[in-house]
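2 protein chains.
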Amino acid sequence: MLKFEVLHTCSQTGARIGKLTTPHSIIETPVFMPVGTKATVKTMTPEEIKSIGFQIILSNTYHLYLSPGNELIRKAGGLHKFMNWGRSILTDSGGFQVFSLAKLRKVTDEGVYFRSHIDGSEHFITPEKSMKIQNDLGADIIMAFDECTPYPCSYEDAKRAVVRTSKWAYRCLNAHYNKERQALFGIVQGNVYEDLRKNSINDLVSMDFPGYAIGGLSVGEPKDLMYQVLDYTAPLLPDKKPRYLMGVGSPDCLIESIIRGIDMFDCVLQTRMARNGTVLTNRGRLVVRNAKYAEDFIPLDPECDCCVCVNYTRAYIRHLIKNNEILGLRLTTYHNLYFTWKLMENIKKAIKQNKLLDFKEEFFEKYGYI
Amino acid sequence: MLKFEVLHTCSQTGARIGKLTTPHSIIETPVFMPVGTKATVKTMTPEEIKSIGFQIILSNTYHLYLSPGNELIRKAGGLHKFMNWGRSILTDSGGFQVFSLAKLRKVTDEGVYFRSHIDGSEHFITPEKSMKIQNDLGADIIMAFDECTPYPCSYEDAKRAVVRTSKWAYRCLNAHYNKERQALFGIVQGNVYEDLRKNSINDLVSMDFPGYAIGGLSVGEPKDLMYQVLDYTAPLLPDKKPRYLMGVGSPDCLIESIIRGIDMFDCVLQTRMARNGTVLTNRGRLVVRNAKYAEDFIPLDPECDCCVCVNYTRAYIRHLIKNNEILGLRLTTYHNLYFTWKLMENIKKAIKQNKLLDFKEEFFEKYGYI
Numbered sequence: 001m002l003k004f005e006v007l008h009t010c011s012q013t014g015a016r017i018g019k020l021t022t023p024h025s026i027i028e029t030p031v032f033m034p035v036g037t038k039a040t041v042k043t044m045t046p047e048e049i050k051s052i053g054f055q056i057i058l059s060n061t062y063h064l065y066l067s068p069g070n071e072l073i074r075k076a077g078g079l080h081k082f083m084n085w086g087r088s089i090l091t092d093s094g095g096f097q098v099f100s101l102a103k104l105r106k107v108t109d110e111g112v113y114f115r116s117h118i119d120g121s122e123h124f125i126t127p128e129k130s131m132k133i134q135n136d137l138g139a140d141i142i143m144a145f146d147e148c149t150p151y152p153c154s155y156e157d158a159k160r161a162v163v164r165t166s167k168w169a170y171r172c173l174n175a176h177y178n179k180e181r182q183a184l185f186g187i188v189q190g191n192v193y194e195d196l197r198k199n200s201i202n203d204l205v206s207m208d209f210p211g212y213a214i215g216g217l218s219v220g221e222p223k224d225l226m227y228q229v230l231d232y233t234a235p236l237l238p239d240k241k242p243r244y245l246m247g248v249g250s251p252d253c254l255i256e257s258i259i260r261g262i263d264m265f266d267c268v269l270q271t272r273m274a275r276n277g278t279v280l281t282n283r284g285r286l287v288v289r290n291a292k293y294a295e296d297f298i299p300l301d302p303e304c305d306c307c308v309c310v311n312y313t314r315a316y317i318r319h320l321i322k323n324n325e326i327l328g329l330r331l332t333t334y335h336n337l338y339f340t341w342k343l344m345e346n347i348k349k350a351i352k353q354n355k356l357l358d359f360k361e362e363f364f365e366k367y368g369y370i
Numbered sequence: 001m002l003k004f005e006v007l008h009t010c011s012q013t014g015a016r017i018g019k020l021t022t023p024h025s026i027i028e029t030p031v032f033m034p035v036g037t038k039a040t041v042k043t044m045t046p047e048e049i050k051s052i053g054f055q056i057i058l059s060n061t062y063h064l065y066l067s068p069g070n071e072l073i074r075k076a077g078g079l080h081k082f083m084n085w086g087r088s089i090l091t092d093s094g095g096f097q098v099f100s101l102a103k104l105r106k107v108t109d110e111g112v113y114f115r116s117h118i119d120g121s122e123h124f125i126t127p128e129k130s131m132k133i134q135n136d137l138g139a140d141i142i143m144a145f146d147e148c149t150p151y152p153c154s155y156e157d158a159k160r161a162v163v164r165t166s167k168w169a170y171r172c173l174n175a176h177y178n179k180e181r182q183a184l185f186g187i188v189q190g191n192v193y194e195d196l197r198k199n200s201i202n203d204l205v206s207m208d209f210p211g212y213a214i215g216g217l218s219v220g221e222p223k224d225l226m227y228q229v230l231d232y233t234a235p236l237l238p239d240k241k242p243r244y245l246m247g248v249g250s251p252d253c254l255i256e257s258i259i260r261g262i263d264m265f266d267c268v269l270q271t272r273m274a275r276n277g278t279v280l281t282n283r284g285r286l287v288v289r290n291a292k293y294a295e296d297f298i299p300l301d302p303e304c305d306c307c308v309c310v311n312y313t314r315a316y317i318r319h320l321i322k323n324n325e326i327l328g329l330r331l332t333t334y335h336n337l338y339f340t341w342k343l344m345e346n347i348k349k350a351i352k353q354n355k356l357l358d359f360k361e362e363f364f365e366k367y368g369y370i
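As they're listed, the protein sequences go chains A and B.
Just so you know, the working numbering puts 67 at position 67 of the first sequence, and the rest follows in order with no gaps.
Just so you know, the working numbering puts 168 at position 168 of the second sequence, and the rest follows in order with no gaps.
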């Protein structure tokens, strides 16, 4: 059973410190969840993710459904056992990937027909099917199957998606057979329309989910617009339940969204940019694969105390990346995840001290305004 | 300064236990050296290599000369510091790669003209240049620049290569300016011709190198022929110096060559086959990427106690490799290196107990005869 308590609220911002308890671990919020799309946080072992401190990761239902398949993972004893990760897991519903990756999509009230982006095979996912897959995977937190709208999106389309998402949420609730071990979160849609977000929340809250996600953001809209939506959406969500902003996780977005009352995040940015040879530092982003770092014998971030920054130079990491050496991607990935973990630790400290706004000022002064 | 002592000789075989001391570590021989071609044992951190137990790795002069360049590594403080490996390193001379990888090669008595296999740039490597590069890299053991012949090779060509290799070895000896910290090994050539091997050894031994390598084997000849060459070559090498068989390292070749008195080995087999989804087990090779392992929920090698076999199943590793996940290559690489480390430990134990032939029998009975 999922438990959530709000332990403290920052008097400067309203940002919350929470304690989220799942069958596998205790998670202090706000929390950033590394993404392990195909049952692996790319390039990392679960031990490394654990050694940084992370208590929860996200994995993608759509990808696991296609390969190796939820049946196989169920036979393996569930996702935790399959990938050897003993702490918490959240799986998304597959909805977002069906809308962003799959081909020849056709949405009906019943569900979504699509073709796999891998082999073109035909599939039909319904709310019930998504629940079946996620029950097989066995994550601690699972997500309702939703219709995620793009940006820009007409009011009519956004409204239709909200109605459908609410109906599907209800069907998910009924189809979910493992409520004792897996907490099902509802997903708020409504695009950038305040009344639609409100309607969506009203519908979902009436179903009393143990947590609520805000979907349909970070899909191409300007950041200011995303913050506006958060400004009116987050306060409508129940105080005592965790609030999860899906697909968001750059350092600036984390800070701004936490200030607006968000408790949970996931993002592929850290791991994806790492594999492109870019790292996060206290002085902003650094493209370590650039030639200017060829003879730069200092750490990625001289202010960072992670084992990559303690042991390796920019010159060495640049050499590895330039030569397509896997170790290069491991080192940048580890650093980016550690950097984000540390940022979250500092944010939580600032919340506890009721000075998250001060922290934000200090952070951006060094990191740079984006 | 390099020190080498033979501590024990197996009464059943003549295989030796030795103690090799470099400025960076003490190495018990016979030793298998993992290959870190471009200043990284592919997919692994130096910490992982160390955690398995390895005291020495090999790195390739040809590759490092082309990228990032020996000058850069010298500026970084040498190869140990550049790659954060505090134990011993051996660099080859570049000779083998010039003959196997480079394009438009032209060999003269002075040296070798070639074009880079990466960008086609022109280069000229002489024995003196190889020494300069290896002095810049700063490995504990460095190799003389030799002419490596292929298989098959005419007697005349093999003879010319021996004469040239001896002349070049002498020039290397004179050009090597860091004899206190870096031990220069001579390389025996002579292909499959007994009298040429003998001539080569006579020439090199008269120059009194601190160690001798056997080159020009494992270049395509049948294994039995390689063992024949070892049978007459190894006994001609000085008893009190380490004997290094270059480029050899499959489990069966390790055992057979150690029986013939070899002390040092390097091979890309373990790491390369790992990246192709094949692992070494006590029951022989296992192609874990094959579909038959999709639902095989046991370890790569149930008899292995490495952290990969303790924590992960064939099904999971097969899933990772099939989906091009880097973690898959890390796990197979780690296991193959650990397996080889453990094999060497068991071989050394058998030598100490004077029963290496018994061990060989037991090993092949399970592993399979090749």
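By construction, these hints were calculated from the structure, which means they are not laboratory data.
Among the hints, a few may not be true.
Claimed, not checked - Computed list of lysine-lysine pairs in DSS-like fashion (alpha-carbon distance at most 27 Å, straight line): (1) A:129 to B:322; (2) B:292 to A:42; (3) B:360 to A:132; (4) B:322 to A:322.
Stated by the list, open to error - Listed next, with one range per pair, are the computed distances between beta-carbon atoms: (5) A:121 to B:324: 35 to 45 Å; (6) A:7 to B:51: 33 to 43 Å; (7) B:163 to A:50: 57 to 67 Å; (8) A:50 to B:180: 37 to 47 Å; (9) B:302 to A:357: 38 to 48 Å; (10) B:240 to A:297: 39 to 49 Å.
Backbone N, C-alpha and C define an ideal beta-carbon position, used for all residues, glycine too.
Verification of the supplied hints:
About 25 Å separates the Cα atoms of residue 129 of chain A and residue 322 of chain B, which keeps this hinted pair within 27 Å; it holds. Taking the CA atoms of residue 292 of chain B and residue 42 of chain A, the gap is about 25 Å. The hint holds against a cut of 27 Å. Among the hinted pairs, residue 360 of chain B with residue 132 of chain A is inconsistent with the structure: their alpha-carbon atoms are about 52 Å apart, more than 27 Å. Simply put, residue 322 of chain B and residue 322 of chain A have alpha-carbon atoms about 25 Å apart, close enough for the 27 Å limit, and the pair holds.
Separated by about 19 Å at the C-beta atoms, residue 121 of chain A and residue 324 of chain B break the suggested range of 35 to 45 Å. Between residue 7 of chain A and residue 51 of chain B the CB atoms are about 39 Å apart, so this pair conforms to the stated range of 33 to 43 Å. In this structure, residue 163 of chain B and residue 50 of chain A meet the distance hint of 57 to 67 Å, their C-beta atoms being roughly 59 Å apart. About 45 Å separates the C-beta atoms of residue 50 of chain A and residue 180 of chain B, a value consistent with the hinted range of 37 to 47 Å.
Range check, residue 302 of chain B to residue 357 of chain A: about 57 Å between beta-carbon atoms, so the 38 to 48 Å window is missed. Here the CB-CB span from residue 240 of chain B to residue 297 of chain A is close to 41 Å, well matched to the stated 39 to 49 Å.
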